[in-house]
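Chemist: One line per chain: the protein sequences are A and B, in this order. Under numbering that gives the first Met the number 0, the first residue of the first sequence carries the number 0, and numbering increases by one thereafter. Under numbering that gives the first Met the number 0, the first residue of the second sequence carries the number 0, and numbering increases by one thereafter.
FYI, nobody ran anything at the bench for these hints, they're computed from the structure. Be aware that a few hints might be false.
[Said to hold, decoys possible] Derived, one-sided and incomplete: chain B residues facing chain A with beta-carbon distance under 8 angstroms:
#1 R22
#2 T26
#3 D28
#4 Y35
#5 G63
#6 S85
#7 R146
#8 E160
[To be verified] The following residues of chain B were derived to be distant from chain A, with all beta-carbon distances above 12 angstroms:
#9 A30
#10 R131
#11 E133
Nothing here was measured: the structure is a model prediction, and the numbers come from that model. Beta carbons: idealized from backbone N, C-alpha and C, even for Gly.
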Amino acid sequence: MAMTMTEKILAAHAGRPEVHPGELIDCTVDFLFANDITAPLAIKEFEKMGVAQVFDPDRVAFVFDHYVPNKDIASAQQCKITRDFVDGHNLPHFFDVGRSGIAHVLLAELGYVVPGDVFVGADSHTCNHGALGAFSTGVGSSDLAAAMALGRLWLRVPESMKFVFHGRPRPWVTGKDLILKVIGEIGVDGARYGAMEFCGDTLTHLTMDERFSITNMAVEAGAKNGIMEADDVVLEWIRPRARRAITVYRSDPGASYVDVREVDVSTLDPVVSAPASPGNVVSVREVGGVKVDQCFIGTCTNGRIEDMRLAARVLAGRKVHPRTRLLVIPATPAVYRQALDEGLVQIFLDAGAAFSTSTCGPCIGGHMGVLADGEVCVSTSSRNFVGRMGHRGSKVYLSNAAVAAAAAVAGKLVHPDEVVRDPVPV
Amino acid sequence: MAIRGKAHTVGHHIDTDVIIPARYLVTTDPAELAKYVFEDLDPSLRQRIAPGDVLVAGENFGQGSSREHAPIAIKGVGISCIVAVSFARIFYRNAFNIGLPVVECQDVQARVSEGDELDVDLATGVIRNVTRGETYKGTPVPEFMLRLLTAGGIVGYVRAELARERQ
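For reference, chain A alone in the conformation it holds in the complex:
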């Protein structure tokens, strides 16, 4: 039977020659992780399951990224639960403040996920890793606890949808714009329970960083996973990092899809998701002029080195608008260091931005940039629900890093072209 990449990976991990959409399967898990918010609950449930040790200490990671460095006593207590568990069980893959970063970016960067994997994380944006040709999905804490105990997880085989991107993106149009465009078209539940497979000639123009921001947001269309074939770009990126053997799966020509969408990206302008849904997608020009109080560049969606570079291209030699705040938060220590080495941090500081150690903080209205009633933020994150970044009366526009940087300079939403007439290479 012809199968999609997703079906092939799941079949291999369920020990079956083939699987069909809708089937419930018991799947082995190659690697799993939880963060500082989801781990304490996973640990609490794990301890009720009557097992002494996790199924394989080498396949489990805990990554502190949400409320670190700890924002208050309550979050410090939560982190302590996980630290004690890690110590008590001698778990080798633990990432604490200073050596930690935003889990999805960090774990991919360090080769904990490889093509062909089934990867599970107690964080909804775990779908991030599909860009590597892996099946990667987010689960809740109890599911994670079950996988910690058993080394496997029950899954319903998802129906696949195919998105074929055509054409070369114009300047200032990034992978983020492509995925927002798709979510705007199919809606926030357009791929509910499904697998989103991304392909097409456009991918050859996209680096790994841009590809990750596409699969990262598959969950924003309701998908179980987003996936791309592990092509040469992927293999070149992952080979020096991979901690396990790589298996490349390709969808068969006759594989079945519930929907196939062709997306011409060659005429696309940068887009934003207007408040208060990731599916509320419009061209940045349609909302040009909206006054902006804060801009935020960072997160698992857009806190990678290319996002830093893109922001720096806009900010070089310019200043953040006097009535606007700009926060720049690299996703990992490696991105931080590279931004430093490339002189990007200097550009951010010269522009008047706040530059910080890695944290998810602002994206969830947790700490480091919480919004007041009525404030507007342009954010490179993935969600703009009511109250997401602070007061329920605040508003969030989701964008790529260039649009967020341009808004910071202009003090209002603008097309980056309006700020950068002649892009200066940095």
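Guided by the hints, dock chain B onto chain A, whose structure is given.
Modeler: Using the frame of chain A, we list chain B on its own:
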């Protein structure tokens, strides 16, 4: 498995941020989380909920974050069952894993009003509106999910699996 309770209605695409904002995710205690449930949607909603009540929602209930704190907060405030047109996938799993049953039903949101008395039969997916004398045909809860509920959630299920492996 049958459930009877008074309905509370909410809209479409209710996300986990309005169910339990991230600023409260510094505890895993159900009673503590229940104090803030639906804070950014309708802060008065939790005060109207009595133990055993049923939540009725539209499409894609529970979209967004994987935070299990969301169904825990809903269960913690006393909701015995959620009936919605559809559920976001991670929320759906999380709910059953913590022993909170959820049922999909196309008609329910359009037909049920706040305060209606509902009878929900999980195995058949049939929902009876006692107040209006109407019956809605939902999707029967899959047998595997019923087993999870009977086991008391995923913890009980894993304990049973491990016991089976040891035999």
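Chemist: Per the CB criterion, is D28 (chain B) less than 8 angstroms away from chain A?
Modeler: Constraint on D28 (chain B) not satisfied, violated at 10 angstroms.
Chemist: Restraint: S85 (chain B) near chain A, CB-CB cut 8 angstroms. Satisfied or not?
Modeler: 7 angstroms, holds
Chemist: With a cut-off of 8 angstroms on the beta carbons, see whether G63 (chain B) makes it to chain A.
Modeler: 6 angstroms, holds
Chemist: Does T26 (chain B) pass the interface check with chain A, least Cβ-Cβ distance below 8 angstroms?
Modeler: Constraint on T26 (chain B) satisfied, holds at 7 angstroms.
Chemist: For the restraint on E160 (chain B), tell me whether the closest CB of chain A is nearer than 8 angstroms.
Modeler: 6 angstroms, holds
Chemist: Hey, does the Y35 (chain B) contact hint survive, CB to chain A under 8 angstroms?
Modeler: Because about 11 angstroms separates Y35 (chain B) from the closest Cβ in chain A, which is outside the 8 angstroms limit, the hint is violated.
Chemist: Would E133 (chain B) pass as off the interface with chain A, using Cβ distances and a cut of 12 angstroms?
Modeler: Fine: 26 angstroms to the nearest Cβ keeps E133 (chain B) off the interface.
Chemist: Taking the minimum C-beta separation from A30 (chain B) to chain A, is that value above 12 angstroms?
Modeler: 15 angstroms, holds
Chemist: Was the hint right that R22 (chain B) lines chain A, CB cutoff 8 angstroms?
Modeler: Hint holds; R22 (chain B) Cβ to chain A Cβ min 6 angstroms, cut 8 angstroms.
Chemist: Given R146 (chain B) as an interface hint, is the shortest Cβ-Cβ distance to chain A below 8 angstroms?
Modeler: With Cβ-Cβ at 11 angstroms, over 8 angstroms, it is violated.
Chemist: Taking C-beta pairs only, is R131 (chain B) more than 12 angstroms away from all of chain A?
Modeler: 28 angstroms, holds
Violated hints for the displayed structure, listed by number in ascending order: 3, 4 and 7.
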